[in-house]
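Going down the list, the protein sequences come from chains S and V.
Quick note on numbering: our numbering labels position 59 of the first sequence as 59, and the sequence is numbered without any gaps.
Quick note on numbering: our numbering labels position 298 of the second sequence as 298, and the sequence is numbered without any gaps.
Among these hints, one or two may not hold up.
Unchecked claim - Here's a subset of chain V near chain S, in silico, CB distances under 8 Å, partners left out: (1) S86; (2) Y106; (3) L107; (4) E108; (5) G109; (6) S110; (7) R112; (8) V113; (9) V120; (10) G128; (11) Q130; (12) T195; (13) E270; (14) A281.
Hints in this document: simulated from the structure, not taken from any laboratory.
Think of the CB as a built atom: it goes at the ideal place given N, C-alpha and C, for glycine as much as any other residue.
Listed here are the chains, written in short residue letters.
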Amino acid sequence: MNSTDTQMLVSKIDHGTVIDKIPAGKSLAILRILRIDEEVRDTIAVAIRVKSQSMGIKDMVKLKNRTLNDEELKKLWLIAPNAKISIIKNYEVAEQFRLTDREFNNEFTGLLVCNNPTCATNQNEPVDREFLLMQRDPILVRCQYCDRVMVEANIRDQL
Amino acid sequence: MGQLQHLVSIKDIDKVTIDKVLDHAATIEADPDQFSHKLDGKIMASIFFEPSTRTRLSFDSAMLRLGGKIISIADPKTSSVKKGESIADTIRMAAAYSDIIIMRHYLEGSGRVASEFSDVPVISGGTGIQEHPTQALLDLYTMKKEFGSLDGLKIGLMGDLRYGRTIPSLLYAFAKYTGIEVNLYSPPQLKARMTVLSDIEGQLKYNIEDNLQDTIDTLDVLYVTRVQKERFPDQATYERLKGSYVITPETLKNVKDNFILMHPLPRVGEIDYRVDKLPQAKYFEQAKNGVWTRMALIDLMIGDQNE
Numbered sequence: 001m002n003s004t005d006t007q008m009l010v011s012k013i014d015h016g017t018v019i020d021k022i023p024a025g026k027s028l029a030i031l032r033i034l035r036i037d038e039e040v041r042d043t044i045a046v047a048i049r050v051k052s053q054s055m056g057i058k059d060m061v062k063l064k065n066r067t068l069n070d071e072e073l074k075k076l077w078l079i080a081p082n083a084k085i086s087i088i089k090n091y092e093v094a095e096q097f098r099l100t101d102r103e104f105n106n107e108f109t110g111l112l113v114c115n116n117p118t119c120a121t122n123q124n125e126p127v128d129r130e131f132l133l134m135q136r137d138p139i140l141v142r143c144q145y146c147d148r149v150m151v152e153a154n155i156r157d158q159l
Numbered sequence: 001m002g003q004l005q006h007l008v009s010i011k012d013i014d015k016v017t018i019d020k021v022l023d024h025a026a027t028i029e030a031d032p033d034q035f036s037h038k039l040d041g042k043i044m045a046s047i048f049f050e051p052s053t054r055t056r057l058s059f060d061s062a063m064l065r066l067g068g069k070i071i072s073i074a075d076p077k078t079s080s081v082k083k084g085e086s087i088a089d090t091i092r093m094a095a096a097y098s099d100i101i102i103m104r105h106y107l108e109g110s111g112r113v114a115s116e117f118s119d120v121p122v123i124s125g126g127t128g129i130q131e132h133p134t135q136a137l138l139d140l141y142t143m144k145k146e147f148g149s150l151d152g153l154k155i156g157l158m159g160d161l162r163y164g165r166t167i168p169s170l171l172y173a174f175a176k177y178t179g180i181e182v183n184l185y186s187p188p189q190l191k192a193r194m195t196v197l198s199d200i201e202g203q204l205k206y207n208i209e210d211n212l213q214d215t216i217d218t219l220d221v222l223y224v225t226r227v228q229k230e231r232f233p234d235q236a237t238y239e240r241l242k243g244s245y246v247i248t249p250e251t252l253k254n255v256k257d258n259f260i261l262m263h264p265l266p267r268v269g270e271i272d273y274r275v276d277k278l279p280q281a282k283y284f285e286q287a288k289n290g291v292w293t294r295m296a297l298i299d300l301m302i303g304d305q306n307e
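Bound-form chain S, shown alone (with noise of 0.2 Å):
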């Protein structure tokens, strides 16, 4: 299948947003992140494993009358830190970024909980968690508290 036959598969939105470049198979991740569920009232398009020049192969996302917050985008960012995130406003793209690209600061607090059981964090102690960005992709973060690191399925699981 080529990148033809992708936009076949898939049909141009006119307003909304495409995720694009994302790694093979990580797509349904994606769609919990964005609490996609049966209870969503607009269209969603997905492919799953279709050819990409750059990548060999990919898997696309397009929302229809959906724009991503800066959360969101962050929590892409760290399962998927090559995506490209267009935005698009009737039938143009009005904006395309690669996440990347994007300056999100090294501030996990409120998004990430340390997944050691015996961690104080983890013990109702009036502390923010705060973690350290050691390596991007795949990304390992570490809790500055008990030094544990997460890889990215600790990571993906809590997002």
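Let chain S serve as the given structure and place chain V on it in line with the hints.
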């Protein structure tokens, strides 16, 4: 002591500060009486959420030898901690009653939490499996006493390198010195944590070794830690492996002339009692060094340094 407000991780202190503690410990050991009223009127709060023998006794002894007094939660099960009080609240209370706090807690990260909520210095007496900074300091003191310098030593660490909380503290400390090389000997299940090894990568030369007998003749120090039964999936694996991590007089046949054997204690069979009488056995002296090192640390943190 300027930059040393709390001590919850060896990562928090630099080599200059470590050397200052070790030098001060040597001064105290040479003439302890000179310091016997140094901390008159000062109070140390001793809060141990986990059992401890040596750490607790040596901190108590250190404070008493400096002329200070001690208040403690003897058994957390009988205090409000049992009622679910947070570390933060317990520490705020203890800070109001004392000049310095020693805390051991089973949770990782507890040391940092305590230091954030205390107006007085906090010293970790062991933080979960994360670190045991004062044990590392007294171990360094013992090595320095024996060899004159830590630089260039070849040190073997053996036993439970994964859950032993002193191991990260020691590795972080060794990384601050020049030319130290470390051999790591452990069962596969108990290898040093990747996080800790990645922290010292490029700063400390280490080799993951399988065979102690083939390499023991290259070591200046062998530091043995306890291999605990509960760390193994089954009794059979434990029984099979534990024999490979026991030191006997025969193990030490080919060691260097000035080789020393260390252990933070308590031991549960890792070192044969027959080894105790050998000149290489330094673990009881090591335990004694805990008092000088902890005296030095407490004095540098809360004593008047201009006297």
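Evaluation of the provided hints:
1. A least Cβ separation of about 5 Å between S86 (chain V) and chain S falls short of the 8 Å threshold, and the interface hint therefore holds.
2. Contact between Y106 (chain V) and chain S, as hinted, is supported at the beta carbon level, the nearest pair being about 7 Å apart and thus within 8 Å.
3. Proximity of L107 (chain V) to chain S holds as hinted, the smallest CB-CB distance being about 4 Å (cut-off 8 Å).
4. Taking 8 Å as the C-beta cut-off, the interface hint given for E108 (chain V) holds, the closest approach to chain S being about 3 Å.
5. Because the closest C-beta pair between G109 (chain V) and chain S is about 3 Å apart, less than 8 Å, the hint holds.
6. Taking 8 Å as the C-beta cut-off, the interface hint given for S110 (chain V) holds, the closest approach to chain S being about 4 Å.
7. With 8 Å as the threshold, the beta carbon of R112 (chain V) comes within range of chain S, its nearest partner Cβ sitting at about 5 Å, so the hint holds.
8. For the restraint placing V113 (chain V) at the interface with chain S, the shortest Cβ-Cβ distance is roughly 5 Å, inside the 8 Å limit, so the hint holds.
9. Below 8 Å, beta-carbon pairs count as interface contacts, and V120 (chain V) has none with chain S, the closest being about 19 Å; its hint is therefore violated.
10. The interface hint given for G128 (chain V) is met, as the beta carbon of that residue sits about 6 Å from the closest beta carbon of chain S, less than 8 Å.
11. Taken as an interface hint, Q130 (chain V) checks out: its beta carbon lies about 6 Å from the nearest beta carbon of chain S, inside 8 Å.
12. Interface restraint check: T195 (chain V) against chain S, minimum CB-CB distance 5 Å, threshold 8 Å, status holds.
13. Hint on E270 (chain V) is violated. Least Cβ distance to chain S is approximately 25 Å, over the 8 Å limit.
14. Below 8 Å, beta-carbon pairs count as interface contacts, and A281 (chain V) has none with chain S, the closest being about 33 Å; its hint is therefore violated.
The earlier numbered hints that this structure contradicts are 9, 13, 14.
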